[in-house]
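With chain A held as given, fit chain L onto it using these hints.
So the protein lines, in turn, are chains A and L. Per our numbering, the first sequence starts with residue 132, numbered consecutively. Per our numbering, the second sequence starts with residue 2, numbered consecutively.
Hints in this document: simulated from the structure, not taken from any laboratory.
So the derived list for chain L, only partly shown, Cβ under 8 Å to chain A, looks like this:
no., residue
1, 184
2, 186
3, 187
4, 189
5, 190
6, 192
7, 194
8, 195
9, 196
10, 197
11, 200
12, 205
13, 208
14, 209
15, 285
16, 286
So the derived label-pair ranges between C-beta atoms look like this:
no., chain 1, residue 1, chain 2, residue 2, range
17, L, 99, A, 355, 42 to 48 Å
18, L, 202, A, 367, 45 to 51 Å
19, A, 192, L, 185, 22 to 28 Å
20, L, 9, A, 254, 45 to 51 Å
21, A, 191, L, 185, 17 to 23 Å
22, L, 280, A, 192, 47 to 53 Å
23, A, 433, L, 99, 51 to 57 Å
24, L, 185, A, 254, 27 to 33 Å
25, A, 205, L, 202, 17 to 23 Å
26, A, 191, L, 143, 52 to 58 Å
27, A, 433, L, 18, 52 to 58 Å
28, L, 118, A, 191, 44 to 50 Å
Even glycine gets a Cβ: it sits at the ideal position worked out from N, Cα and C.
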Amino acid sequence: MNTKESVVRLSQVTKRFGQSVAVDQLDLDIGEGSFFSLLGPSGCGKTTSLRMIAGFETPDEGDVFIRGQNVTRIVPHKRDFAMVFQNFALFPHMSVAENVAFGLKMTGVGKAEREQRALEALAMVRLPQFADRYPKQLSGGQQQRVAIARAIVMRPAVLLLDEPLGALDKNLREEMQVELRSLQQDLGIATVFVTHDQEEALTLSDTIAVMRDGRIEQSGSPSDVYERPVNRFVATFLGASNLLRGRILGTGKTARIDASGIAIPLGDATGKDGDEVEIAIRPERMSVQPQGAAGVPAVIKAIVYKGATVSLYCDASGEERVVFVPGGHPSLIGLKTGASVVLNFDPAHAVPLRSE
Amino acid sequence: MGSGLSMNRQTAFWALLAPPLLFVGIFFVVPLLNLFWVSLHGASSTELFGSNLSGENYYRILTDSFYHTIILRTLWAGMSIMLLCLVLGYATAYVIAPLPPRTRLIMLLLLVAPLMVSNVIRAYGWIAILGRQGVVNSMLRSTGLIDGPLLLLNSFEAVAFGLMTILLSYMVVSIVNALNAIDRQYIEAAQSLKANPVRTFIEVVWPLSSPGVASGTLLVFLLTLSAYVTITLLGGPRMKLLVSLVFDSVSGFRWPLAAALSFALLTLALVVAGLILALLRPGRVQGRG
Numbered sequence: 132m133n134t135k136e137s138v139v140r141l142s143q144v145t146k147r148f149g150q151s152v153a154v155d156q157l158d159l160d161i162g163e164g165s166f167f168s169l170l171g172p173s174g175c176g177k178t179t180s181l182r183m184i185a186g187f188e189t190p191d192e193g194d195v196f197i198r199g200q201n202v203t204r205i206v207p208h209k210r211d212f213a214m215v216f217q218n219f220a221l222f223p224h225m226s227v228a229e230n231v232a233f234g235l236k237m238t239g240v241g242k243a244e245r246e247q248r249a250l251e252a253l254a255m256v257r258l259p260q261f262a263d264r265y266p267k268q269l270s271g272g273q274q275q276r277v278a279i280a281r282a283i284v285m286r287p288a289v290l291l292l293d294e295p296l297g298a299l300d301k302n303l304r305e306e307m308q309v310e311l312r313s314l315q316q317d318l319g320i321a322t323v324f325v326t327h328d329q330e331e332a333l334t335l336s337d338t339i340a341v342m343r344d345g346r347i348e349q350s351g352s353p354s355d356v357y358e359r360p361v362n363r364f365v366a367t368f369l370g371a372s373n374l375l376r377g378r379i380l381g382t383g384k385t386a387r388i389d390a391s392g393i394a395i396p397l398g399d400a401t402g403k404d405g406d407e408v409e410i411a412i413r414p415e416r417m418s419v420q421p422q423g424a425a426g427v428p429a430v431i432k433a434i435v436y437k438g439a440t441v442s443l444y445c446d447a448s449g450e451e452r453v454v455f456v457p458g459g460h461p462s463l464i465g466l467k468t469g470a471s472v473v474l475n476f477d478p479a480h481a482v483p484l485r486s487e
Numbered sequence: 002m003g004s005g006l007s008m009n010r011q012t013a014f015w016a017l018l019a020p021p022l023l024f025v026g027i028f029f030v031v032p033l034l035n036l037f038w039v040s041l042h043g044a045s046s047t048e049l050f051g052s053n054l055s056g057e058n059y060y061r062i063l064t065d066s067f068y069h070t071i072i073l074r075t076l077w078a079g080m081s082i083m084l085l086c087l088v089l090g091y092a093t094a095y096v097i098a099p100l101p102p103r104t105r106l107i108m109l110l111l112l113v114a115p116l117m118v119s120n121v122i123r124a125y126g127w128i129a130i131l132g133r134q135g136v137v138n139s140m141l142r143s144t145g146l147i148d149g150p151l152l153l154l155n156s157f158e159a160v161a162f163g164l165m166t167i168l169l170s171y172m173v174v175s176i177v178n179a180l181n182a183i184d185r186q187y188i189e190a191a192q193s194l195k196a197n198p199v200r201t202f203i204e205v206v207w208p209l210s211s212p213g214v215a216s217g218t219l220l221v222f223l224l225t226l227s228a229y230v231t232i233t234l235l236g237g238p239r240m241k242l243l244v245s246l247v248f249d250s251v252s253g254f255r256w257p258l259a260a261a262l263s264f265a266l267l268t269l270a271l272v273v274a275g276l277i278l279a280l281l282r283p284g285r286v287q288g289r290g
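The following block holds chain A by itself, in its conformation from the complex (with noise of 0.2 Å):
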C-alpha cells in the first residue's frame, strides 16, 4: 500500500487513563517527508498519541515503531524524533544559541561543530542576529522560530509539533504556517502536527487524520477529507456542512434528497431500497436562485458579511441552510434578510454520509 518508507507507526495503539479511554487501538502510518496533521476537538486522543510517539506516555496496548524499530518500551531520549511544544518550552537560562545548540551537547558533537549547526539552525529560521540573547528578550512569533531550528537542527527522522501555532496570534499564525511548511518541505522532514485547528491543517498537511474519542474517523488528503468526509462528523468538524435528508433508490445507487428530489450518485456509500441516508453539501457549494427557479425554496433568515465571502443563513421547510457566496457576486444583488429565494446545487457536490 505505502510506496514511501514509513517513518513512524503506531500499530493498535491503546492508552487509558483510569476508566477513560484516550487513544482506542488506533494505527498510524506516516511516510517519508510527510506532513501529516491529527486534528481533533480537545480530547479526542491526539496529543496523547503525539507524546507516545516521543515516549512520554507508554501505550497500554500495541507497539510504536521509528522507522522500522520498535521503540515502545524505548525512554524518549534514546527515540530519533524532535519536538516543538506547545508553549515552546525554550530553557530561560540558556541563549538562544545555547537553546539550539543543546540537544547535539547532548548527544557529544562538538563545540565548534555544534555552535556552526546552531547558526545554521537559526539562519534557516531567520534569526541569526538573535543567537545571543535570551528567550525572554524574543517575541512570540521569534520564540516560536527558535524552538523550531532547536528540533531541526538534530536531524531527526521525525518532526513532532503539539499546536505550536496555538500562542501566536492569527496574522502571524498564518505567516509561520507558510514558513513552516516551506521549512518542512525544504528539509523533507516526516512531520507529525497535532491541532484543532481544521484551517491550519487543511493549509499544512499532506495527510490529515480526522480524531474523535481515540480513534480515526477518516483521513487522507486535505482536498479528500474536505470534499469527501465520510460521516457527519467529519463534515461538521472540518468546515460547515449542510446536512440534508434522502433515501436510496433501487439499485443502491443513487439516492434521492427528501426535500427536493433531486437524485445524486452513492458513490462508495451502500445501502439498499428504502434505506435513510444523510447528505453533506458544503455551504460554498450551493447557490442562491431567484424564486421560481428550480430548487428548494427558503427565505433569508440573516445575512453575514465577511469581506471574501458573504454568508446566508436560510430557513428551507424548518431546516437551517447555510450558503456562502463570494463577496461581490451577481447573485447578492437586491437579497436582503427576509426575501424568498431557492437554494440549489451540483448533485456531484453532494456527499453520502455513513451512519454512525
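Chain L only, in chain A's frame:
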C-alpha cells in the same frame, strides 16, 4: 488624564510603601547606625561607651587570632550546615515535589512540625537525649556497647544536629516550591533533545530550581549565624560562634566591642549571601515572559 493616572499610581505606590519604610527606618536603620556609632568607641566602666572615637574594636577583631578562630569556625559551621541541609533537603524535596498535592501537603506539615516547639524547649529536649545521662547514652550503656558515657553535647555535631532539625524544613519547603514551579515541558524538552536523566537534572532541573536553592541556602546560613539559643545550649563553652561572643561581650558590659562584633557578623552574612546569589544567579530563571 494619562499623567494624572500615573500620578495617582505614584501616590498609591508611596502611600502603601510608607508605613513599612517608616517602621524599618525608625526601628532598624536608625538603631543600626546608632550601633555603628557605639562600635567606634572604646569601653567605659560608667557609661554605655567611652568618650573617644577609635577603631580599636575593629582593629582587635581583625588582628587578634582568637577572633579569627571564632570567625572561621562560624563560617565553617554556617557553610557546612548549609551544605548538609542543601544535600539532604534537595533529596527530600525531590521526592516530595512530584507527590499528589494532598500527600505533599501532609509531608510538608510533618516537616515543619518541629517549628511549632519553642527553640529553648527543643534545645533542652536535645540535651535530654544527647546528654551524659541522656537517652542515647543510657541505651548504649544498657546494651553494653560502651563503658562510659559518650560526649555528644558541646560539639559542632550537636549544634549541627539541633539546628538541622529546624533548618532542614526551610530548605525543603523552598526547594519543593521551586521544583513544583518548573514546567514539565522543560524536562520533556530536554529529553526530546537527547538528555539522559542525569544531564536533564544538571542542565535543566538544577538551574531552574536555583531560586529555591538560593532562598533555602540563604535562610539556613543566616539563621545558623543567629541561632544563639541552640548554639549556646548544645555547643556549650567549647563550641562558641560569633553570636556567642556578641552575647558574652554584652554580659561583660563591653558594649562597643559587642557592637563591632555584630558588624563583623553582619559583614559575614552579607558576603556569603552575595556569594550565594552570584554563584546560583537565580535571577536568570525568574521573571520570564
